[in-house]
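*Asks:* Those protein sequence lines, which keep their order, are chains A and B.
Position 322 (the first sequence) corresponds to 322 in the UniProt record's numbering; numbering is contiguous.
Position 216 (the second sequence) corresponds to 216 in the UniProt record's numbering; numbering is contiguous.
Just so you know, these hints were derived from the structure itself, not from any lab.
Everything numeric in this text was worked out from a predicted model, so none of it was measured.
Possibly wrong hints are sitting among the right ones.
Identical chains blur together in the list; that is why a pair holds if it fits in one copy or across any two.
[As the list claims (entries may be wrong)] Only pairs whose alpha carbons sit at most 25 Å apart, straight line, appear in this in silico DMTMM-like list of lysine to aspartate or glutamate:
(1) K172 x D198
(2) K108 x D236
(3) K108 x E320
(4) K243 x E308
(5) K243 x E144
Now for the letters of each chain:
There are 2 protein chains.
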Amino acid sequence: MTATTYTNRQWIYARQPTGRVGADHYTLRETPIDDRLAEGEVLLGARYLSVDPYMRVQQHTRRTYDAPHPLGIVQQGGAVSQVLASSSAALRPGDWVLGYNGWQTHDKCHASQLHKLDPAAAPVTSALGVLGMPGRTAWFGLMEAGRPRPGDTLVVSGAAGAVGSLVAQFGKRAGCRVIGIAGGPAKCAWLTGRLGLDGAVDYKAFASTEALAAEVARQSGGVDIYFDNVGGAVSDAVIPLIKLRARIVVCGTISQYEGGIDAPELAPRVLQHLLFQRATAQGILARDFVHRMDELRTVVAPWVRSGEVFLDETVVEGFERLPHALNMLFEGANTGKLLVKVA
Amino acid sequence: MTATTYTNRQWIYARQPTGRVGADHYTLRETPIDDRLAEGEVLLGARYLSVDPYMRVQQHTRRTYDAPHPLGIVQQGGAVSQVLASSSAALRPGDWVLGYNGWQTHDKCHASQLHKLDPAAAPVTSALGVLGMPGRTAWFGLMEAGRPRPGDTLVVSGAAGAVGSLVAQFGKRAGCRVIGIAGGPAKCAWLTGRLGLDGAVDYKAFASTEALAAEVARQSGGVDIYFDNVGGAVSDAVIPLIKLRARIVVCGTISQYEGGIDAPELAPRVLQHLLFQRATAQGILARDFVHRMDELRTVVAPWVRSGEVFLDETVVEGFERLPHALNMLFEGANTGKLLVKVA
Numbered sequence: 001m002t003a004t005t006y007t008n009r010q011w012i013y014a015r016q017p018t019g020r021v022g023a024d025h026y027t028l029r030e031t032p033i034d035d036r037l038a039e040g041e042v043l044l045g046a047r048y049l050s051v052d053p054y055m056r057v058q059q060h061t062r063r064t065y066d067a068p069h070p071l072g073i074v075q076q077g078g079a080v081s082q083v084l085a086s087s088s089a090a091l092r093p094g095d096w097v098l099g100y101n102g103w104q105t106h107d108k109c110h111a112s113q114l115h116k117l118d119p120a121a122a123p124v125t126s127a128l129g130v131l132g133m134p135g136r137t138a139w140f141g142l143m144e145a146g147r148p149r150p151g152d153t154l155v156v157s158g159a160a161g162a163v164g165s166l167v168a169q170f171g172k173r174a175g176c177r178v179i180g181i182a183g184g185p186a187k188c189a190w191l192t193g194r195l196g197l198d199g200a201v202d203y204k205a206f207a208s209t210e211a212l213a214a215e216v217a218r219q220s221g222g223v224d225i226y227f228d229n230v231g232g233a234v235s236d237a238v239i240p241l242i243k244l245r246a247r248i249v250v251c252g253t254i255s256q257y258e259g260g261i262d263a264p265e266l267a268p269r270v271l272q273h274l275l276f277q278r279a280t281a282q283g284i285l286a287r288d289f290v291h292r293m294d295e296l297r298t299v300v301a302p303w304v305r306s307g308e309v310f311l312d313e314t315v316v317e318g319f320e321r322l323p324h325a326l327n328m329l330f331e332g333a334n335t336g337k338l339l340v341k342v343a
Numbered sequence: 001m002t003a004t005t006y007t008n009r010q011w012i013y014a015r016q017p018t019g020r021v022g023a024d025h026y027t028l029r030e031t032p033i034d035d036r037l038a039e040g041e042v043l044l045g046a047r048y049l050s051v052d053p054y055m056r057v058q059q060h061t062r063r064t065y066d067a068p069h070p071l072g073i074v075q076q077g078g079a080v081s082q083v084l085a086s087s088s089a090a091l092r093p094g095d096w097v098l099g100y101n102g103w104q105t106h107d108k109c110h111a112s113q114l115h116k117l118d119p120a121a122a123p124v125t126s127a128l129g130v131l132g133m134p135g136r137t138a139w140f141g142l143m144e145a146g147r148p149r150p151g152d153t154l155v156v157s158g159a160a161g162a163v164g165s166l167v168a169q170f171g172k173r174a175g176c177r178v179i180g181i182a183g184g185p186a187k188c189a190w191l192t193g194r195l196g197l198d199g200a201v202d203y204k205a206f207a208s209t210e211a212l213a214a215e216v217a218r219q220s221g222g223v224d225i226y227f228d229n230v231g232g233a234v235s236d237a238v239i240p241l242i243k244l245r246a247r248i249v250v251c252g253t254i255s256q257y258e259g260g261i262d263a264p265e266l267a268p269r270v271l272q273h274l275l276f277q278r279a280t281a282q283g284i285l286a287r288d289f290v291h292r293m294d295e296l297r298t299v300v301a302p303w304v305r306s307g308e309v310f311l312d313e314t315v316v317e318g319f320e321r322l323p324h325a326l327n328m329l330f331e332g333a334n335t336g337k338l339l340v341k342v343a
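With the rest of the complex left out, here is chain A:
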């Protein structure tokens, strides 16, 4: 039997960005890949590739959650693929899978490294969204670190993003008043309209931290839970508004990802507010809750099926646009989960 050979297109992480990431920092490489497989292996054809803020965090010089992403290899990341060929009894050609295969059109890996998806149960892209890493981050971040109680006021920054829009919905279901912070009037209208939040603040509409803080204070009346995806000046405005025994969930600091990790900005000290309010700030990361994915599937998946919880997708068409799509995250160009469709 002769082997079938495919052209594997790969985005190689080639140069470390110091500011905004984009096409300059990647090289497109084409290499042949065939369907000769070791026992248990499969050949995958990528269908949807994920772009996530954490990718930019891993491009800093200093150790963050991880050592820096190595240069000269395929950009790592989540992928939803279809099986093209299989020597595993667990997977057949045509099957949909979730893997951590990175930015490439094809990959070979052992079936044990993949999670099989049921397209009849949920759209396959949900494995990169509400039923995947962003959903896990939102659910466990809010429930474990945010500890919402009915009547609490929850302020979410980056509220129109993948994690933020889920946190906002989970907060509403927990009985919280939810105020979303996002960039621009269109996102804010979406937050109070489609998402049904109790308020929305367009951070771009305010010239100073003080003015932004006054509007968040006006809409929130004080903050019991601050779920923070953005950090920076938005957090400078929100944190002084925390109430007694508030919980701050440090989920992301996307405003700082274009250099502020290696060389932290100077900003007003905030820890004193934790003291005055006997409040807690906690950093959370999706990986710490992988072992509890059963809860996400038991509790959240039925809400997704019924439509009670949803995650909008911004889908960029074309493998070649991956670096551009990553860049879009930092321009706030997405609502909900940003994905690249390969074909």
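Given chain A's structure and the hints, the job is docking chain B onto it.
*Replies:* Just chain B, lined up with the frame of chain A:
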């Protein structure tokens, strides 16, 4: 029966400080006070008066833990007194009591507002120290927010102070490696000598945050628990050294009490470190654990009696030196608990 009249000397909080607090901000007032008492009341003669960093926090314009301390009234604070006259069945002349009577030589109050002390069980001053507010802060702050485990590395700032020196000892008993940070070689020698800590860092010996951080890193090898009494540049050095799942206990930020509460300093952002290390920072305050004083008396008091845990005292003699004594806290002039002896 004729009344006996005493001269009550009172330190009135008269002017709000903007920087260092001292005699300029207080007025000494003398008023007569007699021993005519309502049913249940006692007349007290103060013996030891407390000076504590929180007093300076309450002198800021903005709301902190509390509304600002009112001007024109006696400086509030803890006091150990003896009963001079009593119309309460619960207290007799000569009895020792703890109360919140403030900076005055005499006071009348209802017996129900006082806690009777047993001088045979523990030195009466311990009610203002290891068995009082500072001990409660240290014990519950470390146990509840620090959550020490054997083998953890605990770094304590302000380690030679009242709360810090107790936290360090409680940490050792919990099986932690304990590194203390304090100002000057004498305090550091006391930390590694008398207190038996595993290391001590003299923060005054380093010209930059980076140099201080390098020494804390060298001695600690990374930080599982940071019990912070000082904030400011010391915390800027320590927080980036936290390890995975570290706990930061925000107990005090004494470096910021001379203006930095009303107008926060600019400093490098730190919340990203909580994210990278999935760490927690929690503000704690003694008052939140008043209902659990029984634990302090059950667990800690026997260690104090046996001498296994101790709190040094720096005793300033003379009621007239109270404002000066408060100032001493911010000059780092005390080791252990700073008290003023009235007589």
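*Asks:* Work down the list of hints and note, for each, if the structure agrees.
*Replies:* Hint check results:
1. Only within a single protomer do K172 and D198 lie at most 25 Å apart by alpha-carbon distance; the minimum there is 9 Å, versus 49 Å between protomers.
2. In the homo-oligomer, the alpha carbons of K108 and D236 never lie at most 25 Å apart, since the shortest distance is 46 Å inside one protomer and 46 Å across protomers.
3. In this assembly of identical chains, the alpha carbons of K108 and E320 lie at most 25 Å apart only when taken from the same copy (21 Å versus 81 Å across copies).
4. Neither within a single protomer nor between protomers do K243 and E308 lie at most 25 Å apart by alpha-carbon distance, with minima of 30 Å and 39 Å respectively.
5. In this assembly of identical chains, K243 and E144 lie within 25 Å of each other by CA distance both inside one copy and across copies; the values are 19 Å within and 20 Å between.
Going down the numbered hints, you'll see the structure goes against 2, 4, while the others check out.
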